[in-house]
Amino acid sequence: MSQGHLRGYGLGLLALAVALSTTGYFLAGQILNRSPERMPLTPTAVARITSPGGTVELSVYRLINPRGVTLPRQSPQADRGILYSFMQPRDDGWTGLGLKTPVTVAFLDSRGKVLTILEVEPCPTPPQGNGCRVYEPGVVYRQVLEVKQGWFAQNRIGPGATVRLKPREAAP
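Numbering of the sequence shown is given in the numbering used here, commencing with residue 1 and proceeding in unit increments.
Keep in mind the hints are simulated off the structure, nothing from the lab.
A couple of the hints might just be wrong.
[To be verified] For lysine-lysine, the following BS3-like pairs were computed, each having C-alpha atoms within a straight-line distance of at most 27 Å: (1) Lys113 / Lys166; (2) Lys100 / Lys148; (3) Lys148 / Lys166; (4) Lys148 / Lys113.
A quick note: this is a predicted structure, and the numbers were derived from the prediction, not measured.
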């Protein structure tokens, strides 16, 4: 085989490698940047919340290490919640950006202990020239449990309660 043929094969293999890697990056970007509107919000776990008032179970959809809030966000249903879990401790505020209904948000430590609870008003789109209101928890947290507004009060759950997760399949 001549050197020209080998060079042609080499360039062909290089072009194939570039095409495959570009396709992979494109598909990964499509998956990672899907908006929540297209993502099914089906509970993946059950949160077992224990407080002095007793134990309550809540179906939750779990988002691990979310990169940020995108529009439109889905508001939790009456009997479900959204649990955001972060890899690193955080102390930044929370907003109602993209929500259409008010929510109650519990900030948890890495062990699932409720540190504080805040009522968050919806901000479907940021007001012209201003951002949405930021609700400061005043604590360092690793998880956030977002539920329909009033759910924690209705179930007599406050700071100090503990949240433990179990797989959805194990739920009765």
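If you check each hint against the structure, which ones fail? none
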